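Engineer: Please build the complete structure, drawing on both the sequences and the hints.
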Amino acid sequence: MPQPSDHRHANVSRRHFLRTSATGVLGLSLGVALSSTAATTASAALPFTTEALTGLLAYAVPGDDRYSRQQQLTAGSPGGVGGGGTPTLARMLDEAINVPVPGPDRDLPGGVAVATLLDLTAIQFLPFGAAQPFRSAFCNLTWKRKARVLSALENQRSFAGTPLAWMASELPLLAAFVAFSEAGSRVGHTTTLTRRPAGWDITGWQGLRDGAPERRGYYRGRSAVSA
Amino acid sequence: MHDVIVIGAGGGGGVVAKELSERGLDVLLLEGGARHLRPQDEWTRLDDDTANPILGRFGTRPADLERSPWGREYPQPGWVWQIAGVGGTTLHYFGNSPRPMPGAFAGYDGADRDAYDTAHLFPFSYDELRPYLEWVEATLPVHTQEMSRKDEMLFAGAERLGWHHQTTKDTLRAGYRPQENAILPASGTAGTTADASKIQYPDAQGCTFCGLCFQGCVEPRKAPRNLAARRSVDNSYIPMALTADRWKPGGRAVRLIAGAYVTQVLHRNVKGRATAYGVRYRTAKGATVDVEAKIVVMSGGAVETPRLWRNSHLPNPNDWVGRGMTDHALDWLTGVLPQETGNGVGPNSGSRADFPGYGSIQPVSVTPPLQAYGLAFSDGGTVGAYSTGSTVGNGGADSVGRLMGRELRSMQEQHPRLISLVTLVDDDVQATNRVARAKLLPPDEHGPVPRIEINGRKRTPRTVRNREFLVRRAVEWLRAAGATSVHRTNFAPLMLHVHSTMRMGTEAANSVVDGYGLARFADGIYVADNSALANAIGGPNPTLTTQAVATRTAERIFTEHFGGSPWVRSESPVCSIDPSVTEAVVAAGL
Numbered sequence: 001m002p003q004p005s006d007h008r009h010a011n012v013s014r015r016h017f018l019r020t021s022a023t024g025v026l027g028l029s030l031g032v033a034l035s036s037t038a039a040t041t042a043s044a045a046l047p048f049t050t051e052a053l054t055g056l057l058a059y060a061v062p063g064d065d066r067y068s069r070q071q072q073l074t075a076g077s078p079g080g081v082g083g084g085g086t087p088t089l090a091r092m093l094d095e096a097i098n099v100p101v102p103g104p105d106r107d108l109p110g111g112v113a114v115a116t117l118l119d120l121t122a123i124q125f126l127p128f129g130a131a132q133p134f135r136s137a138f139c140n141l142t143w144k145r146k147a148r149v150l151s152a153l154e155n156q157r158s159f160a161g162t163p164l165a166w167m168a169s170e171l172p173l174l175a176a177f178v179a180f181s182e183a184g185s186r187v188g189h190t191t192t193l194t195r196r197p198a199g200w201d202i203t204g205w206q207g208l209r210d211g212a213p214e215r216r217g218y219y220r221g222r223s224a225v226s227a
Numbered sequence: 001m002h003d004v005i006v007i008g009a010g011g012g013g014g015v016v017a018k019e020l021s022e023r024g025l026d027v028l029l030l031e032g033g034a035r036h037l038r039p040q041d042e043w044t045r046l047d048d049d050t051a052n053p054i055l056g057r058f059g060t061r062p063a064d065l066e067r068s069p070w071g072r073e074y075p076q077p078g079w080v081w082q083i084a085g086v087g088g089t090t091l092h093y094f095g096n097s098p099r100p101m102p103g104a105f106a107g108y109d110g111a112d113r114d115a116y117d118t119a120h121l122f123p124f125s126y127d128e129l130r131p132y133l134e135w136v137e138a139t140l141p142v143h144t145q146e147m148s149r150k151d152e153m154l155f156a157g158a159e160r161l162g163w164h165h166q167t168t169k170d171t172l173r174a175g176y177r178p179q180e181n182a183i184l185p186a187s188g189t190a191g192t193t194a195d196a197s198k199i200q201y202p203d204a205q206g207c208t209f210c211g212l213c214f215q216g217c218v219e220p221r222k223a224p225r226n227l228a229a230r231r232s233v234d235n236s237y238i239p240m241a242l243t244a245d246r247w248k249p250g251g252r253a254v255r256l257i258a259g260a261y262v263t264q265v266l267h268r269n270v271k272g273r274a275t276a277y278g279v280r281y282r283t284a285k286g287a288t289v290d291v292e293a294k295i296v297v298m299s300g301g302a303v304e305t306p307r308l309w310r311n312s313h314l315p316n317p318n319d320w321v322g323r324g325m326t327d328h329a330l331d332w333l334t335g336v337l338p339q340e341t342g343n344g345v346g347p348n349s350g351s352r353a354d355f356p357g358y359g360s361i362q363p364v365s366v367t368p369p370l371q372a373y374g375l376a377f378s379d380g381g382t383v384g385a386y387s388t389g390s391t392v393g394n395g396g397a398d399s400v401g402r403l404m405g406r407e408l409r410s411m412q413e414q415h416p417r418l419i420s421l422v423t424l425v426d427d428d429v430q431a432t433n434r435v436a437r438a439k440l441l442p443p444d445e446h447g448p449v450p451r452i453e454i455n456g457r458k459r460t461p462r463t464v465r466n467r468e469f470l471v472r473r474a475v476e477w478l479r480a481a482g483a484t485s486v487h488r489t490n491f492a493p494l495m496l497h498v499h500s501t502m503r504m505g506t507e508a509a510n511s512v513v514d515g516y517g518l519a520r521f522a523d524g525i526y527v528a529d530n531s532a533l534a535n536a537i538g539g540p541n542p543t544l545t546t547q548a549v550a551t552r553t554a555e556r557i558f559t560e561h562f563g564g565s566p567w568v569r570s571e572s573p574v575c576s577i578d579p580s581v582t583e584a585v586v587a588a589g590l
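So the protein lines, in turn, are chains A and B. Heads up: the first sequence begins at 1 in my numbering, then just goes up one per residue. Heads up: the second sequence begins at 1 in my numbering, then just goes up one per residue.
Check the hints yourself; a few may be wrong.
Per the computed footprint, the stretches of chain A lying under chain B, defined by three or more beta-carbons under 8 Å from a beta-carbon of chain B, are [what the hints assert, rightly or not]:
#: 1; segment: 43-57
#: 2; segment: 112-118
#: 3; segment: 145-154
#: 4; segment: 211-223
Since the hints were derived computationally from the structure, they do not count as laboratory data. No experiment lies behind these values; they were computed from the predicted model shown. Glycine residues also receive a C-beta, built at the ideal position from the N, C-alpha and C atoms.
Structural biologist: Next comes the structure, spelled out in structure tokens:
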């Protein structure tokens with residue numbers, strides 16, 4: 001019977017974790033506490049952010065893309081990356097952490113903070129001499145090592161009682177939602193799709209419909225019950 | 001000055017507005033979110049556009065989809081899935097309208113009377129509420145649900161297990177049954193074809209089995225608004241409230257303002273008591289407006305109502321405003337069957353099993369993104385990768401935890417052959433589970449934002465016992481229905497049902513409102529939404545109970561403050577699909 005294995009401490013010392021991710025954690029902690037008037041850039045416009053979040057989509061649902069190949073867990077058809085949902089995931093994180101993170105010359109949106117946290121935490125799990133085709137350290141990891149990054153975040157005791165604990169637990173499931181949605185295909189707030197979503201192909205989903213031949217009658221012929 | 005201001009056009013506020021407009025009162029209904037006047041044109045029903053937990057139009061957000069959703073602070077894993085806008089959270093509910101468990105009410109003397117949250121019972125009897133339940137059931141209306149494939153499989157499984165078939169609306173013992181749903185029964189071509197050209201009103205009437213309850217009901221196409229299949233408040237009570245002058249002699253149409261976010265209940269000190277005289281709201285364009293009324297009804301939901309109370313600086317002498325939140329401690333079990341189950345089509349939930357003293361179980365049939373979300377929303381770490389320290393076991397399932405990577409993809413590839421069950425736990429009122437004021441997030445344009453504090457790992461022993469009991473029954477049910485494997489997600493708090501944050505109770509020491517929803521510590525204020533519920537109602541879905549309690553509150557307002565007579569025991573309700581209502585709705589251009 002598969003059970004979550006116990007990598008609770010992920011072989012990482014607390015001091016090591018804090019040293020490598022202190023900047024991101026501090027920035028994010030401040031970010032949810034402070035408001036700022038400096039200019040803000042949407043996460044989806046920042047390449048290193050989109051790369052890390054795309055790596056998260058590959059982690060959630062592997063496919064036939066280069067991010068999946070790098071993580072050494074692939075599938076024969078498009079997965080989370082192929083769905084094209086990275087900009088949506090970035091915007092979700094920008095809105096979920098809806099106070100900009102103060103930066104040196106301009107404020108950084110929530111998606112950037114998350115990507116930074118993923119990458120800073122990933123550095124410690126990157127084997128010496130490993131190939132690094134991506135600028136994002138998180139994307140250069142194997143799937144198992146990506147899981148260790150997420151474990152380190154979810155089990156980070158200093159997050160307890162803060163929105164960081166919420167954010168760490170939300171990352172995988174927001175990515176899962178995006179991977180199976182029409183996020184990379186829909187046109188504005190219309191029903192128009194530029195292509196069939198990858199998540200629909202994986203699941204055999206027929207898409208929008210106004211009805212289905214699914215009526216099976218009343219159980220035991222009883223169409224009403226007594227009070 | 002209005003007679004009554006109702007804050008929030010959701011499952012409770014819509015009921016109060018309709019009932020009092022029918023009695024001829026001058027009712028102003030204020031809704032902070034969108035109007036949703038033309039859903040057949042406006043709603044795409046695409047998951048990312050509609051049900052995206054952060055960005056979707058069905059969220060706690062302004063009507064302008066380019067603006068940010070309203071912030072809430074979560075200091076731990078979890079999510080409250082509510083909707084702002086006319087219709088409130090009923091916009092995505094499944095229409096499930098079971099009655100509450102009698103044991104959740106005062107005076108219950110069944111053999112299992114000690115099995116409930118006896119410290120936090122409703123301050124009146126189940127028999128007292130029954131006429132109001134019947135009134136709502138006739139108004140919506142509520143019907144026995146016709147089966148889809150997955151229901152057939154589950155019923156066969158229940159028969160194999162020897163479970164009792166419940167044939168009454170009242171839950172008198174443990175058993176399974178078709179749902180009692182606020183969904184119009186299919187007739188004509190509805191439910192017989194996927195050909196959109198053949199399932200338009202009037203050829204098709206009632207539920208078309210499209211499977212998209214959660215994305216908003218617009219079926220059958222071309223039907224008048226009040227004849228939409230799923231009886232969310234925007235399709236039932238609100239159209240009636242807006243046309244009360246047309247279908248009810250002596251009725252008076254409600255005035256509805258959407259995009260009007262109430263930021264303050266206005267009150268003054270009268271003889272040493274805070275006494276409400278109106279509200280202040282903020283328009284979508286940022287203007288501030290004060291309006292006055294004799295009575296203020298707070299119906300913004302179990303998160304916004306305590307927030308508004310606090311932000312209005314109303315008294316909270318026992319510190320129970322926002323406390324005692326119950327959420328049914330949901331969990332999610334997914335079975336893989338050898339054959340297709342019709343997952344994702346048909347009513348989102350057509351069958352159920354109830355276990356008095358423990359709670360309920362029901363199928364949840366959803367689209368792939370929501371299925372993935374349900375498989376990932378775990379408090380227990382990721383299968384095959386890591387733990388987060390949860391001590392919850394598999395409960396008889398084959399695996400437990402979050403599915404990611406290969407496991408998630410593999411499960412999702414079997415989407416057409418899945419049946420998912422959700423457990424609805426009769427969870428205890430706990431003072432530590434609450435809606436508080438944010439500590440880190442700054443105020444938004446409406447004031448200090450709410451902070452949701454709930455620790456899924458610190459439930460009471462009875463809640464934990466109930467959850468594990470229901471999980472085991474759910475696993476048994478899935479296997480008996482033919483599942484070859486069963487996975488348990490072990491949900492973090494996914495609060496699709498959230499209640500009792502302004503709870504009514506028998507004691508002033510641990511309740512905020514009395515048995516009629518009247519505020520204990522201020523005058524002129526009633527609460528009529530899920531927050532007023534005394535407890536988790538024994539586990540069943542809360543909407544029907546909230547609507548019945550809200551009806552009782554409306555009747556009380558009319559008799560106590562406007563010299564009227566009660567009606568629920570002496571009149572018959574007008575059904576929301578009555579031809580007189582349809583005629584009024586069409587004439588009003590709704």
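Engineer: Of the hints given before, which are not true for this structure?
Structural biologist: 1, 2
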